[in-house]
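Asks: In case you want the letters, here they are:
There are 2 protein chains.
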Amino acid sequence: MPSEPRIADLGEKKLIKRLLKRSRINSLFLNKFLDEHSVKSTSDDAALVDLGETYVVASSDMLMQSTHFPDEMTPHQIGKKIVTVNVSDVAAMGADTIGIIVSMGLPRDMLLSDFDEMVEGVLEACRDYDMALIGGDTNESRELTLCGTCIGFVEKYKVLMKCGAQPGDVVAVTGPLGLAAAGFEVLVRERSVRKIKSLDPDFRALVLKHALQPEARLKEGVLLADTGTLTSATDITDGLLSEIGEIMDASPGIGVTLYSEKIPVPEAVMEVGRLMDKDPLEMALSYGEDFELLLTIKKDNFKDLKDLEGLDLHEIGFVDSSGVIQMIDKYGKTEIITAKGYEHLH
Amino acid sequence: MPSEPRIADLGEKKLIKRLLKRSRINSLFLNKFLDEHSVKSTSDDAALVDLGETYVVASSDMLMQSTHFPDEMTPHQIGKKIVTVNVSDVAAMGADTIGIIVSMGLPRDMLLSDFDEMVEGVLEACRDYDMALIGGDTNESRELTLCGTCIGFVEKYKVLMKCGAQPGDVVAVTGPLGLAAAGFEVLVRERSVRKIKSLDPDFRALVLKHALQPEARLKEGVLLADTGTLTSATDITDGLLSEIGEIMDASPGIGVTLYSEKIPVPEAVMEVGRLMDKDPLEMALSYGEDFELLLTIKKDNFKDLKDLEGLDLHEIGFVDSSGVIQMIDKYGKTEIITAKGYEHLH
Chain A
39 MPSEPRIADL
49 GEKKLIKRLL
59 KRSRINSLFL
69 NKFLDEHSVK
79 STSDDAALVD
89 LGETYVVASS
99 DMLMQSTHFP
109 DEMTPHQIGK
119 KIVTVNVSDV
129 AAMGADTIGI
139 IVSMGLPRDM
149 LLSDFDEMVE
159 GVLEACRDYD
169 MALIGGDTNE
179 SRELTLCGTC
189 IGFVEKYKVL
199 MKCGAQPGDV
209 VAVTGPLGLA
219 AAGFEVLVRE
229 RSVRKIKSLD
239 PDFRALVLKH
249 ALQPEARLKE
259 GVLLADTGTL
269 TSATDITDGL
279 LSEIGEIMDA
289 SPGIGVTLYS
299 EKIPVPEAVM
309 EVGRLMDKDP
319 LEMALSYGED
329 FELLLTIKKD
339 NFKDLKDLEG
349 LDLHEIGFVD
359 SSGVIQMIDK
369 YGKTEIITAK
379 GYEHLH
Chain B
39 MPSEPRIADL
49 GEKKLIKRLL
59 KRSRINSLFL
69 NKFLDEHSVK
79 STSDDAALVD
89 LGETYVVASS
99 DMLMQSTHFP
109 DEMTPHQIGK
119 KIVTVNVSDV
129 AAMGADTIGI
139 IVSMGLPRDM
149 LLSDFDEMVE
159 GVLEACRDYD
169 MALIGGDTNE
179 SRELTLCGTC
189 IGFVEKYKVL
199 MKCGAQPGDV
209 VAVTGPLGLA
219 AAGFEVLVRE
229 RSVRKIKSLD
239 PDFRALVLKH
249 ALQPEARLKE
259 GVLLADTGTL
269 TSATDITDGL
279 LSEIGEIMDA
289 SPGIGVTLYS
299 EKIPVPEAVM
309 EVGRLMDKDP
319 LEMALSYGED
329 FELLLTIKKD
339 NFKDLKDLEG
349 LDLHEIGFVD
359 SSGVIQMIDK
369 YGKTEIITAK
379 GYEHLH
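Just so you know, the sequences run in chain order A and B. Numbered according to our numbering, the first sequence spans residues 39 to 384. Numbered according to our numbering, the second sequence spans residues 39 to 384.
Heads up, a few of these hints could be off.
To be verified - One-sided and incomplete, this derived list gives chain B residues near chain A with beta-carbon spacing under 8 Å:
| hint | residue |
| --- | --- |
| 1 | 57 |
| 2 | 58 |
| 3 | 109 |
| 4 | 141 |
| 5 | 174 |
| 6 | 185 |
By construction, these hints were calculated from the structure, which means they are not laboratory data. The beta-carbon is built from N, C-alpha and C at its ideal position, and this holds for glycine as well.
Please model the complete structure; the sequences and the hints are all you need to start from.
Replies: Below you can see the structure in the form of structure tokens.
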């Protein structure tokens, strides 16, 4: 007799879709007026609350010790990370930050000094992103669990969403990919081998920084939204291909073609790949945690954007109407590839 | 040698105060303009974001299996509860709801049917409070963990906060106290004794409903805020005395005198107290989870409020300038009592 289905059989993305589909049906019974966007935004990085000329943007992201915090992450870095992942969701909507609420589930025996260091990390990140810690609460829990709610705002006509990509648009990212993935590979390897002697210390420091202390592209998101030339955007938390899949789900009928040669894979990722027998391109495409922004941009406007100060835009492909993700390799050969992002619960 | 201090040595309230004190110092370094209230609201039930004539209100509350969900609570009731605790925080500010984001930490082996039932509970509660589920995400975790973020709004001049109580104000609550506490007593007892035969079945059903499926006083909060006669408010999640302590912390120099005879302790709580050898008044004063609102009201306006339809206001005492909480018993004897609410992490 087959056993009853468990949630791990479905995987995170399908679970969320199951949840949000039910939610949309539920919304039909609402008496209160709800703007089309507030409901539409349930599949976006953050929720939108319509206030006439502006949207208030609210993200919510939960991180837990066993899934998200490698042993090598300090309490200070853990505090920074809960802020960064939430700010990244707000940045992906082109919004600026106002403040964050951090709810904490804490194990009874957590050292007070670790708690203080974690709070210091939260506050340092708040300073980095120029916003306030506007609330928080603590609960007892079996494992360290942090849930952040970042509140931001964006003028309505500037908001960036996952929907809106059009065939012909340029596909671009705000920075190199695969650094966090390479960092996690180094961490895992160094748990058995004391240190990878052959790895350049600067490369090692760079990839570990991206794995343990990532940064959100807040300034970039605000700057890009200001230009009014983006057709869609999201942040790369679950891997490039997975996020492209999200953009495609939100803009039915489109497809994306990538140039393998144009994916910005830094030297450090190449080197880690070589030393650990991992495909660097795979690290750039299918691991997450890079927190760069993935964008689609009207073709005619892309040149002007490239020259904007403070941006490091990389064109990686274009939107088409194929309905699939394709990759053109260095020999000009086109191949259909499958979206394969990092899946919790799998 | 004394061991290093752990967070359990401090307790939840002191931890939050420690966190928010650091947060206020941090805010001094902010470049972005932040309204006095957005910072002030860090000790309130929800955060306030200033938008000119209105505030957007954002709550964030986390619940975990081991601390908040008794085994007897069904997945449907668990789903309802994460919504209710957050709506209660919004209601305590006199705000109306727009929507809620629910982040979930789920054990791998959770039954899909239980997940669906829990989501149905979330959605039913959304219907009850006339709002939308505007976002959600799922993560893998060791124990079931839910974090809700309820977004609401309130016209600025109507907002209710913990600060503002004045000597002479009437202290009131929106309904009976101690029912949830009595329900939890019954649950605990029935884990060893199959059923408490001598307990009236109607009483049993009533107290269990309050323990397992509490409701937030949203309509009452909005109605009361509309009158413009309240000087302060909060919701009773941690017990009446603990919440009075919060109001006193926020309005320095005041004290509160209660009449023991006027505390609304229902028959069902009296009966459970009698059968289980518990003090019914203690259940009403010091346990939490009732989700009624605690209010201070200008004395001259209280009579008009009592006649408002849809309210069940109980006057329980008055604000004074004693700096302590005092209780006048049925013989007219006054005694100083100590705030003693439910403390997580203790």
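Asks: Does each hint hold? Answer for all of them.
Replies: Okay, the hints, checked on the actual structure:
1. 57: holds (5 Å)
2. 58: holds (7 Å)
3. 109: Violated, about 16 Å.
4. 141: holds (4 Å)
5. 174: holds (5 Å)
6. 185: holds (4 Å)
Checked against the numbered hints given earlier, the structure breaks only hint 3 and satisfies all the rest.
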